Amino acid sequence: MSLPPDLHVHTEWSYDGPRGSMERSCERALELGLPAIAFTDHADFVKVHADQYCVDILGYLDSIERCRAKYTDLRILSGVELGEPHWFPEETAAVLAAGPLDNVLGSVHCIRLDGDVVDASQLRDREGLDFAAATRQYLGEVLAMIDGGQPFEALAHLDYPKRYWPEGAPPYVERDYEAEIRAVLHAAARTGRVLEVNTTRGDRLCPDLTVVRWWREVGGQAVQYGSDAHDPDKVAAGFRVATQMVEAAGFKPARDPVALWRR
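What the sequence shown shows, in our numbering, is residues 2 to 264, in sequence order.
One should not assume that every hint holds.
[Unchecked claim] What follows is a set of in silico ranges between Cβ atoms, one per label pair, in the way DEER data are often shown:
id, residue 1, residue 2, range
1, Ala134, Gly34, 42 to 48 Å
2, Asp63, Ala94, 19 to 25 Å
3, Ser3, Glu92, 36 to 42 Å
4, Ala133, Arg205, 18 to 24 Å
5, Gln138, Lys253, 31 to 37 Å
6, Ser3, Ala249, 29 to 35 Å
7, Arg25, Pro258, 37 to 43 Å
8, Pro172, Gly100, 17 to 23 Å
9, Asp117, Val259, 26 to 32 Å
10, Pro172, Glu91, 36 to 42 Å
11, Ala98, Arg137, 33 to 39 Å
No lab work stands behind these hints, which were simulated from the structure alone. Remember, it's a predicted structure, so these values are computed and weren't measured experimentally. Note that the Cβ used here is the ideal one computed from N, Cα and C, for glycine as well.
Can you make the complete structure from the sequences, with help from the hints?
Structure, rendered in structure tokens:
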């Protein structure tokens, strides 16, 4: 089976992409035989990292057009990863109005904690934090984003805190958060969103088989794949395992290799 499109890739246009390259990512996609690639650079409006900034959407779109002209054998999709768009509706609208975008991801990276805005990657640095409670708060924020009416098509890495789970804490088990995750999935299905299976650059699947099965149970119609690559070498990393998992959950590829996998 050929690999599906990688619909979550970062480039030099993301604040955390110093090793990113749109051109080299296109070349990697062609090497792998991908039918398409979507560049989804960060549109973040919080500043929890010193070097954080929102994508220069006009410059990014110019780069997309240059790559489309250069790599004519690859379908190149424009996109953006919206961070907490329900917190910043006006700023989000300005980014989306800047030009046509083929693949818009909705993401939550941050929660409000003790008066601060904190990225999930920073939670393990907070002494004495109840990680289970913080994870439930995170999932509540994802639900608020879905219900906030922001125009995104796919829900990205819904269990983002799992990436940064501290070694000393009780293990992350999906069923411990089943009620909260199912509420998120119900809302995403009800609003016609797509669930992203994020391979975390080949490190782990977010979400896992259990959650993708729940997605089907609640009426979710479609799944897409994203490596979350910030380095061209990581494009489509982990996709073989991911496609096997998604097929086991009851979703299948379409005849069109660019199309979403559906139930």
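>> Let me make sure I understand: some of the numbered hints might not hold for this structure. Which ones are they, in numerical order?
In response: Failing hints, ascending: 6, 7, 8 and 9.
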